[in-house]
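K.L.:
As a plain string of letters, each chain reads:
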Amino acid sequence: MFIFNQQFYLVGSLYIVAAASLLAQELNLGRPLAPEEVQKIDIGIATDGAGLPPGSGSVNVGAEVYARKCQVCHGPDGSGKPQDRLTGGVGTLASATPLKTPNSYWPVATTLFDYIRRAMPRPAPQSLTNDEVYAITAYLLSVDGIVPKDATLDAKSLPQVKMPNRNGFVSYWPIPKK
Amino acid sequence: MSKRNQIESAVRDEMAAGNGLLNRRALLSGGLFAAGAAGIAQAQSSESVGANAPPWMKVPGRDFSGYGLPAKSQNKVQRDYPTGQVRPTTSSHTPLHLLEGTITPNGLHFERHHNGVPDIDPNRHELAIHGLVDRPLAFSLDALMRYPMETHIRFIECSGNSGSYTSAEPSQTNAGAINGLLSCSEWTGVRLSALLAEAGIAPGAKWVIAEGADAAAMSRSVPLAKCLDDAVIALYQNGEAIRPEQGYPMRLLLPGFEGNMSVKWLRRLKVTDAPADTREETSHYTELMPDGKARQFMFPQEVKSAIIRPSLGITMKGPGFYEISGLAWSGAGRVSKVEVTADGGKTWALAALGDPVLPKALTRFRMAWQWSGQPAVLASRATDETGETQPTREAWLAEYAARQGYHFNGIQSWGVESDGTVKNVYI
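Sequence order for the protein chains is A and B.
Just remember that this note's numbering sits 12 ahead of the position in the first sequence, which is counted from 1.
Just remember that this note's numbering sits 22 ahead of the position in the second sequence, which is counted from 1.
The hints are simulated quantities; they were obtained by calculation from the structure and are not laboratory data.
Remember, predicted model here, so these are calculated numbers, not experimental data.
Be a bit skeptical, because a hint or two may be false.
[As the list claims (entries may be wrong)] FRET-style restraints, in silico, Cβ to Cβ:
#1 Gly88/B to Leu41/A: 24 to 34 angstroms
#2 Gln83/A to Thr369/B: 55 to 65 angstroms
#3 Gln96/B to Pro186/A: 56 to 66 angstroms
#4 Pro65/A to Pro104/B: 33 to 43 angstroms
#5 Gln96/B to Gln83/A: 37 to 47 angstroms
[Stated by the list, open to error] Listing some non-contacts, in silico: residues in chain B with all C-beta distances to chain A over 10 angstroms:
#6 Gly314
#7 Ala316
#8 Phe343
#9 Arg356
Each residue gets a CB set at the ideal place from its N, CA and C atoms; glycine is no exception.
Next up, chain A with everything else stripped away, as it sits in the complex (with noise of 0.2 angstroms):
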């Protein structure tokens, strides 16, 4: 009896699985992935914090991170030319020259650091250190005033950072019906 369960057991299976692959496809080539694996190429950063490392950074080590690795681009404070500019136009979305630039206009710091750890400086990205990230980070909110000037980011303070902008953006997704 036993054995009889267990043959009815294996090919009630072989059959489910040969109905999955016919609906599905599976071939199951890809290769699992070991979570120390996934940590090494997760990159990104998430709006409440998550993914966000150790380490620390503070304006005035940003400030010098900045005039070093950034400004050539980016201008003396972020004034850009000949790169974006990425300071300034705080409040200025609803006139009649909105100028939109991440102080002004991003909803989230967290996105400033994901894009400077990814993507900055162009001519090596992702070179920075960390703390590095979180220093230049802090340095160009507190241009703006949006950190105070002796503040200091981690993983657990750059969430919490309230942009002028974070109440700015509508989802269009799910598309509105008309």
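Please build the complex by placing chain B on the supplied structure of chain A, with the hints as guidance.
P.N.:
For chain B alone, kept in the frame of chain A given last:
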């Protein structure tokens, strides 16, 4: 009856709308007075017929080639991109005004990249799927090649395409410069839903953060619903491996969605419960409105069309019969009709749509036109199968803040001057 009276009478008989737009049957007959085959002079008697042959008929042609190139005379058919700027330039355009049909040649597909085109070793590249999944997985190119594939003709359009229509004065640039952040290819690849099923989607999953292996690690948040619908991991473009500029060895293809989301050089898909608010979905690709609020996650490219011939730089050669030809598309599905006007929007006639009309693909439309030689304003207006019709430029502009240029799909128009030159005009 004089020749002039004959034409006027024939135009009246065949008229579809004002200012010379003709019935579609005129496209087949080649105009109102298609000439019969004229007598062709026979070669005069001589010792060899070579006396009358062009030089290329009198010497053997060149040998085979491993990878063919366009004709020498086509060397001006190039993607157009700004030069002399501080790198990086933002994009290159498909020269739509120099092409016909609906499929974009691979070397002319528009480019938009955020820190150059990466030189990826396909043997070291993997696509990781992780996050809210039961089994995090990595797929090599070899592994993906073994999955059942599907082939679809789909357009990709940058949401910044035609953004110059938001400028106060019409931009005097050609159709490619205005609309060439738009290309259409036959894409082949693996349905993403099959790979996600193998990883097993965990409860609470709603979004997928897609990331490229370029030097910007460009990333976007994609609704899980789209990934389970018609998203494809594309490996082939018009029958050959995807070009480096288009994401070699693999790209995400999200049919109908703004082009930036079809992440190239795709290396990672993280399944999450929320969007990441990445730089490209906050700083860029969001639509500021007059009240200072901005639309975010406006994904589908809405119904749109543009007349490509005639257009700026394609000069009319005197009064007579012309075919007006252009492109229409919608990220929501098939184009159901395209209307054309030659009198600045007073009257419209239905254009002929080239077969097959495919969803989320370019459709070529054609309209017969007997140009009187007088100034004319041409425009096209597309409607898709969901019933959406292109708004006027004015109505579109009213929705957004000044100079907001993403997702422009207003009606476009060209002004034909009496000397045959074509200018960009607003109606």
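K.L.:
Hint by hint, work out which the structure violates, then give me just those numbers in ascending order.
P.N.:
3, 6, 7
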